[in-house]
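A.B. asks: The primary structure of each chain is shown beneath.
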Amino acid sequence: MGEFSPNSHAVVVRGLRRQYGERVVIDGLDLAIGTGEFVALLGESGCGKTTLLRALAGLDEADDGTIESTGEIAVVFQEHRLMAWLPLWENVALGMNTATGRVLAQNALGEVGLAGRENDWPLNLSGGQAQRVALARALVREPGLLLLDEPFAALDALTRIKMHVLIRELVARHHPGVLLVTHDVDEAIAIADRILVMRSGKIAISLDVARETEAGRGPLRARLLHELGVDVPDAAHV
Amino acid sequence: MKTTGTLAAGAFNDLAEAEAPSAPQGTAAARKSRHPAPCTRNKVLGERAFFLISWLVPITVVAAWEFLSRLGYIAPQILSAPSVVARTTWELAQDGDLFIHLGASLLRALAGFILGSALGFSLGVLVGFSRLAEAVLDRSLQMVRAIPFLALLPLVIIWFGVDEGGRIFLVTLAVVFPIYINTMLGIRQVDPKLLEVAKVTGLSVWGKISRIILPGAMPSILTGVRYALGTACMALVIAELIAADKGIGFLVMDAREFLKTDVIVLTLIIYAAFGALGDSLARWLERRLLAWHPNYAKGKR
Ligand SMILES: Nc1ncnc2c1ncn2[C@@H]1O[C@H](COP(=O)(O)OP(=O)(O)O)[C@@H](O)[C@H]1O
Ligand SMILES: [Mg+2]
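Protein chains in written order, with full-length UniProt numbering: chain L, 1 to 238; chain A, 1 to 301.
Just chain A, same shape as in the assembly (with noise of 0.2 Å):
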């Protein structure tokens, strides 16, 4: 693709992969379930035994790290115990406070996610679609790409304070690009020869849009909501730690000034949920719009 050629190539790389709007394939987790290990036909153990084995290790590290944490070894300050943490879970659950910072944060990361991606999307089909586009928009965007959004930090806070509005635009610039990219590209790589069929059977401007250039690039533009979802967890746990009166961020902060370890934990958690979410959320996408592709497919349609 010529836009990617010009970029700066260093900074293209460590997203290369991820970005890469390569044959429609799932994340490393999606495929795996649908192609076992070639060697997995084990007549000893059943499907449910590697199920029970595959739970069996992460409860066996809880348990030993409750069971060092009771003798000692592990002091509090360090690291809470499992049982400290469910319980100070359940204090916090309790009064409600749990609820209030769990949905600031998520209302910031979804406001984020949907400006970002809707900014993003915009802007891939605008430059997809039109060479002119292109030439306005794409290299300029692609400059302030190329800027590790983390060092825009300083600026943000001159710009926003530390007010939501900032932590919100972190968000949002963390999810634009993903999501321009691979839309452009998705739409770019839309074989020609397919376009052709739209040619000889008279389709309409917006029918070669609708049935195939749009859906052509989905499995791309999925690729870059996957990719997305990943940078806005990033940058909304950024955010909110500079500075916040809410949010998860916020309990972090005050967590670990008072060395409140068992907190600490509890947020760690909550961000890998987030992170859960958000997989969830790109799967559910990818099945309802790659069905038609085997690797999605829950039985045909």
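Extracted from the complex, chain L is given alone in its bound form (with noise of 0.2 Å):
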């Protein structure tokens, strides 16, 4: 990955601000996502990440800044959030024209391993499962760019890794800008072309992952671990 040209964004913030009341959670955020590009957003919890994604995705009104993306938006959230009473293809194009939109949901849902499965119902799903239809839901639309909030967060190791696999390969393919909330560093590393971290309303660093050498990510990792005020006494060092 990587292959996004600089020039064309997929999203582009300037000077964002969201408060509850008086407590302001973002306070003059800058933040740019290229097409294509892979950002993933650490943070220590309640340091804003969901308020973020939230005001990105157009849930939540900017209370002061400018959100400028090109094409649509998409959210998969850290539940599933499927309609228990709709079959999978009708999960998967919701707001879609019905005619087009059978066709579209039944490639998606093969895309993510559900091929045959878009008569099923929800109930009948497992959570990584339930969590692959949300994806294809949200890459169905071809969004410019897809907003992702600890989507894993709620699956076992196993099926993480899986996860992790597939959402390289369908980002790969369908090539939006995407923002991946996590609280896992590690999960960070592994898909993410760039990390940043976010402490006081603000974007506080912005690290680039080399994705061809092993060698930076102990560094990198260390470095990560220690900006969200953890330092572990042996990994600081190598």
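Keep in mind that the hints were calculated from the coordinates and are not lab data.
Cβ atoms here follow ideal geometry from the backbone N, Cα and C, with glycine treated the same way.
Some hints could be false.
For each label pair, taking beta carbons as the anchor points, the in silico distance ranges come out as [what the hints assert, rightly or not]:
no., chain 1, residue 1, chain 2, residue 2, range
1, L, Thr98, A, Pro294, 25 to 33 Å
2, L, Asp60, A, Ser122, 28 to 36 Å
3, A, Val136, L, Asp184, 33 to 41 Å
4, L, Gln78, A, Gly207, 22 to 30 Å
5, L, Arg23, A, Ala135, 30 to 38 Å
6, L, Thr100, A, Leu155, 54 to 62 Å
7, A, Met234, L, Glu142, 51 to 59 Å
8, L, Arg102, A, Arg48, 42 to 50 Å
9, L, Glu68, A, Val136, 42 to 50 Å
Once you've looked at the hints, go ahead and assemble the two chains, each given alone in its own frame, into the complex.
C.D. replies: Here is the structure:
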């Protein structure tokens, strides 16, 4: 990956501010994500990652600043948020024209490894499968920007690794800009092109992940953990 | 839910269990078949045996009843023997009287049920979707609901006389509130997180209503339907007993006059059949509309 052109942006955020009552959660945040770029967002719990993502998704109004995006925006939440009463394909095709939606949904379900399950009900799925349907629902509309809010947090370790592989494949094929919120440093290193750390309502640092070399991973991991306020004695000296 | 909090607690309590739009669950009977008792894996007795035993008990009771009647331990003016009830049923069926009365009662029940559920559903949707409609209607509806509807009988008789209209009105009244409350609560309790999905997928307003809100409220609405079928049956019996020139209730009043306990037992059976009919109607609706739910599913679609 990383073959995005730096000139075309999936989203550009300038001076974003979000507050709940008096409490300012996002305070003059700037951010740009390129088309096809996979960005992971780390930050302590409660630092405002979800708040940022909701503002980008248009679920909450910005109190100040601008958000410019090209193309549609799709979101995968921590919970799958499927409608239990709609068969899988209708969940995926939600909000789309029914005639074309059905075919597109079938293809999208095939892409996430659920071919032939389009008429099944969500309650018959495992957690990982349900999250894959949510992914299909997001990708079927070919979004310019894909927002993922800790989508793998509730999955078991093995399923999570499979999801990492799957999502990298899908992003390589569909080429949206991606913002993945996660609390897992290793997950961020494993799948992102670039990692952001959020602090005090801003993006504190932005580090590129050298995908080609394994060697740089150790120091990167230690650096990120340090930025997140965790100092691991051994790792710090790698 | 805010609305229920404002109710007179007492009035709501007795209905609370039946009307609470909890997670979709059928009645105890509906659930029973899917969730066998924890220790039924009996090696000696198979499914068939349990089925036979379940029928053996009522058959024995009826046989004993017949036997005791014939021996003269049960006087006919107290309770007629099953064989006598069967013969009377046959006779009434022969001259067609039975079907005229049955038809009259069914028609009443149906008219009242359809009117009541249409009204209850419309009000429920209106109040469910609109805070303004809630402000205008809900408190008043809850006040009327707090009246035990039997207490309205004298007024109903004054308004409608002992006419067909009054009887249908009573059934309607019995149906409106359970459907109204469960529709309204079902709509209000749709998960806001799912509505956020509607927003990010760009679902239209109608799409939001038809794909998310109404189907999401459906388990609750059907709980209301189930409950309403019960109250409708009750209202029907009472409405028919006030005064009627035809219908099952007329049969009862007529029979009471002449101590015809055979006819009375027959009408009890008919009312029970009405109840069973309502139950299968509810089941049918659940199977059709809640096919997505494992409790009701009859295989994948
Ligand atoms: N709806 C809300 N009302 C008030 N405060 C909120 C609301 N949502 C989040 N917050 C607060 O904003 C801060 C950031 O929350 P959030 O964005 O969910 O954090 P994160 O996703 O990084 O864990 C937290 O302190 C949280 O308590
Ligand atoms: Mg969060």
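A.B. asks: Does each hint fit the structure? Answer for all of them.
C.D. replies: Hint check results:
1. At roughly 26 Å, the beta-carbon separation of Thr98 of chain L and Pro294 of chain A lies within the given 25 to 33 Å, and the hint holds.
2. About 34 Å separates the C-beta atoms of Asp60 of chain L and Ser122 of chain A, a value consistent with the hinted range of 28 to 36 Å.
3. Checking the proposed 33 to 41 Å range against Val136 of chain A and Asp184 of chain L shows it is violated: the Cβ atoms sit about 51 Å from each other.
4. A C-beta distance of roughly 24 Å is found between Gln78 of chain L and Gly207 of chain A, which places it inside the suggested range of 22 to 30 Å.
5. The supplied range of 30 to 38 Å is met by Arg23 of chain L and Ala135 of chain A, whose beta-carbon atoms lie about 32 Å from each other.
6. For the hinted restraint 54 to 62 Å between Thr100 of chain L and Leu155 of chain A, the CB-CB distance of approximately 58 Å keeps it satisfied.
7. As the Cβ distance of Met234 of chain A to Glu142 of chain L is approximately 57 Å, the hint placing it in 51 to 59 Å holds.
8. The hint said 42 to 50 Å for the Cβ distance between Arg102 of chain L and Arg48 of chain A, and at roughly 44 Å that hint holds.
9. With their beta carbons about 43 Å apart, Glu68 of chain L and Val136 of chain A fall inside the hinted range of 42 to 50 Å.
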